[in-house]
Structure formats: structure tokens, C-alpha cells
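Could you slot chain D onto chain R? The hints should help.
Take a look at the letters that make up each chain.
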Amino acid sequence: MFAHDFLEEAAQHNALLQVHPYTKLLLGIGSIILVLFTPNYIVPCFLAVTLSSVTILLAKINLKFYLKLLGIPLIFAFMSALIIIFLSEGVTKIWSIQIFPWFTLTVTEESLNHGLHIFARVFGGMCALFFISLTTPMTDLFGIMKKLKVPDLFIDLSMIIYRYIFIFMEKARQIYLAQQMRLGYTKPREALHSYSMLFGSIFITSWDAGEDLIHAMDCRCYNGKYAKMITYNPVEWRSLSAVSLYLFIIIGMILWTSG
Amino acid sequence: MEPLIELKDLEYAYPYASPALSNISLCIQRGEKIALVGSNGAGKSTLLLTLNGMIRPDKGTVTFHGKPVSYDRASLRKIRQKIGFVFQDPDVQIIAPTVWQDVAFGPVNLDYSEEQVQQAVSNALHSVGLEGFEKRPPYHLSGGEKKRVAIAGILAMDPDVLILDEPTSMLDPAGSEDIMDLLDELNHQGKTIIISTHDVELAYPWADRIILMEKGRIIASGTPEEAFSDKELVRRARLKTPILLELSQELKSRGMKTPGTLPRTVLDIIRIIEHNHHGSIRLSDNGYGTIHVGDVDLISGPQIQAILARTSCDTIGVMGSRAKICARQWGLIPDISYAVIDKCILQAMNGRTSLILTTGGMVTRVFERVTLFNQTNNRSIPVRSLIGSDKPDDLSGT
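Protein sequences, first through last, are from chains R and D. Quick note, our numbering runs 6 ahead of the 1-based positions in the first sequence. Quick note, our numbering runs 19 ahead of the 1-based positions in the second sequence.
Quick caveat, the hints were computed from the structure, so don't treat them as lab data. Quick reminder that beta carbons are idealized off the backbone N, C-alpha and C, glycines included. Be aware that a few hints might be false.
Said to hold, decoys possible - For the chain R half of the interface with chain D, some residues (derived, Cβ under 7 angstroms), not all of them:
1) 43
2) 169
3) 172
4) 173
5) 218
Bound-form chain R, shown alone (with noise of 0.2 angstroms):
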């Protein structure tokens, strides 16, 4: 329930913190824009293998925590994988059972294409977002925010809600504890009622915290500001050309395989 520092955790200490997260963000979001062009699951398999090895072997993330990771999202896309091979029309049929008699599974080859291929494409993209989210911190990505020209209020409060979450969500570990020790879920509906006690006390704190948040800026001359950092090791032209590079690769498979 509460592995919230988790993902932040990894991307802070990845090996790849140090490379501009220019670079980063290019190959993440080009891999994810063009995994939606491919017309087959050949292309999207390729990303995913590709940027998970890098995943792992170049940002050193662990192999474990990485699979357990993707495990959730693959299982939700395995599932709606599996409905459009049954229930998508096509005409060559593979392979078929009569349930009832008004209700037939069917696959054929077009759905199981199909299907194959939006499983694929969920992985890849997956792939690509874990990059992003596993080798660049939150705080890079605000800094990326500022040169981007996204609004500062924006930002603001982005960068405010996120230093609140560990906050909070720390305060929640320690009231779920608290309410476990005292048996707070043993019967499903004291689990009900402990759960809706725990949102309430985390409504209060959270409420409280405004108050102090405030009075902790009035306390340092709040004017309006925030601080943005924005300095970071210049963009290396060698990994943004490999990333260009294996981006060109992906485009040439694409236009290739699709004949």
C-alpha cells in the first residue's frame, strides 16, 4: 500500500542521473509516439527489449523490482488482450468453441494479430515510461518544465503536491500502524470503517499543513517566487546521437515492416 517513494527512489540514485534529461525525455517520448505508427508487433517487441535492456543494464536498475514493476500494467493489457482475440471479427478461422449455444469464442488470424499487436504495443510503451520515470527524477522534470515555458503557477503547485506526497503519505503509514495494532482491520467492515477514519485524519493533517506551509513561507519572505533549479551537465553529444540514432532505426523498422 504504501510503496510511494519507490519509483522516485530508483530514479534518484539510477546510473543515469547524470545525462541531461533532454536526452532521456527524447528517447522516451520518441519511443512512445512511435510505437502508436507500428503496424505489427515485430516494432513495438524490438523497443521493448531494447529499452528495458537499457533500463537495466545501463541505468542499473534492479532486474527484479524492474519485473514486478511491469508485471501490473501487463497483466491489465493481457487481459484486454485476450477480449479482442475472442470477440473481434475476422475470417480466417483458427481455432473455436461453443460455449452456449447462442455464444461462440472465435479466434482467427486477424484477431489474434490484432490483439498480439496492441499487446505489444502496451508493452513497448510501458517500456518507454518506465524509462522515463526509472532514470529521471521529478525534480529534473520540473527543471525541463521551466525551460519548456509551462506556466510557473503550474509548476508551483506541481512541485508543492509533490513534496507533499512523502509527507502524507508517510502520515498515512503511521495511522494504517497505529490502526493495525489495534486490530483496525481485522472484520471487513471495521476495515471499512478504519479506512474511512484513516481519509479523515488525513483530510485534518493535510488541512493543518496548508496552515503551516504558509506560515513557514510568510516566515521566509514569500513573494510570489519559487526557486527553480535548472543547471545541468551540458547535453553530451555522443548519447543524444545514439539516442537519434537508435530513434532513425526505430523509423526505418517501422517503414520497413510495413512493407
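What follows is chain D alone, placed relative to chain R:
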């Protein structure tokens, strides 16, 4: 001398509550180290919050630099820049997602230019000993580190006065000593420091002046010895007598001759006991140990290592944040990191050699303190400056 901050007849009550402050009058001089001591709910935090205009008293005036504080936005900003407030819980105060951004918060809002912000932040991080932490997110820091970030955030605005509400309440003993050492260092650099605490053992040796509070009133204000020796006041304030003071009172009641001044450190107590035991001077069998003082800016790690390898130093003491960083980088494990000079004098009286690593102006402080001790006690503890030179027999002992 004109007081830096003057409070006159302050009254304040929170809505629907009994008065939090009543009849408070207080003068604070430049460069003082003040500890506000009282039980929970005695009004310490409320009093501190009136100092920088966070709370507007119902009655009475607050004067800063001879001018009464006014409560419009512009003057409040000015006074909050000059009187920095460090909250008890650093999680309340740290508002930005990285250490650098948080420390830069004040300077940015004071409209510093970009270079000035950079400069202010790096100076502040430097003086609390957190260089290299710029990009770290605060939720991964230890309690002591968070406290340092909070202090750095205030220091970056270059205040004259630092107010700290319960600075050590969330720290382990070693962390508390580190913070108190840092406060000493800042005070040495000319900042006036006011803390609130209910840890008497902490306040007693540290403060120049103790203010005892009870139920929103000041019941005593004076040197730590004065404030804590009145048992009735201590009881009323729901505190306890510092152990050193109690010890000396007990010694006195058993007929030990005690000097006119009350003891503030272990060193003072040892002096009383030795005096009663041996007469005025006692030299340990191998003579006094030498106190060596090294300035980490003038000496390098390998040089220190070489000196340590050549001679036997029984104790290594480290004073000041920068010296602590250097010691860590050089792989030295300090034996003492708080009340260093006194503890080294104690070692020297026992015939043990010690090495104090520190920076700049603190070197002269060591010399002054030891010389003063020698003069008042008729001793001759040798103290030497280590120069990172080629002189091979720098540490030849006495």
C-alpha cells in the same frame, strides 16, 4: 548600548484560550546566545513568534533596532529577513522538492539576482556543512540533515538574529550536539541566537542568558547559574536543576570548598574537586598533555595523517562544520565534536595529548580559552598551532 530587540509589556491570548503571554518585557542585545526555557505550554513558541511579527501582540510593543515593528506587508518582510525563524519540525519548513531549491526560496523571494541567489545558497550550505546535497530531495535526509537544511534556508537570507524553536527536540543526542556546535559557530560569526527548549542540560552550558518562563510570564532572566540555582523558580517552571549545578550544591553542603562562581562544565567541577583534593596545582606524572590546534584551511589531509602516524594523539576533537567535513573526507574519526576545548583541557590535565581541528577565527578562540584557563588556574597547559608546513617535528610533545 541600544538593545537589538526590545519587548515592552506584551500581552497576547489565542482566541478562546487563557493568555499565552502576559506582561512580557525583555531586552535582547546584539550577539547574545539566549535560551528560553520552560515547560510545555509555557508560551515559549508564542513569544518567539512575536519576535518576527508572525504573531501580533494584543498589547505592548516590539522594537527592533530602536524602531517599533509595524505590521504592514513591506515592514514584515523586512523584519522577517533580519530575524530568521527556524521551525521545530523541519518537514513544516522545507517546502521545495530539492535542497537547493529550498535554501534558495528566501533569496529568490527577496528578489536577489541569479548570481546572488547562487552565492547565498552555496554560502548557506557551506556554513551548515551540506555541500554536495544540492540536488537531494528532503525526504531522504536524516533528521539532523533536515534541520541543517532548515537552518541553511534561513541563513541564506543573511539574518542578524536566528530564532530556533526547539532545535534539538527531534534529534538524537549526537545530532543535537552537532546542531548546538553549529549554533555556537554561527554565534561566533556574529549572529544573535535565541532558542527555546526544555532540555536544561543542553541550555545550561550553551547559553549566555537563560530566560525562564511559566504560564506566559517571564519568571527569571539571567546567567544560567543564576537562573537555575533558585530551586523554587526551577520547580515553578516545571524544570529540573542541571546535574552539574546539583552536584556542586551537594559538594558544597558536604563542606567542600567551592569558588565564588558556580560550575558550568565538567571542567569546572573537576577543578573544584582537584582543588579540594590536592591543593592548588596537580601535575600528572608525565606532565601536561599538549593541545595541538590545526586549521583545516591551512593544512591538508595527508599532512594530518602523516602527523598522526608519527605521534600518538590520544584524542581528536573537531570544531565547526567545515572542519567536520574535512575530517570526514580525510577518514579521521573525531572523538569529540562538542564542547571540544573544555574536553581537550580535561585531557591535557590528565597528561593526554589532543588535536583540535577547526577553522579560521575559532583557532584564536582555542588559544584564548586555554590561556585564560591557564591564567585563572595557575596552570601551564601547552597549546600549539599546527602549521601545515614541512617542519617534521611539529608534534614533538612537551
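Going down the list of hints, with the structure as the test:
1. 43: violated, 35 angstroms
2. 169: holds, 5 angstroms
3. 172: holds, 4 angstroms
4. 173: holds, 6 angstroms
5. 218: holds, 4 angstroms
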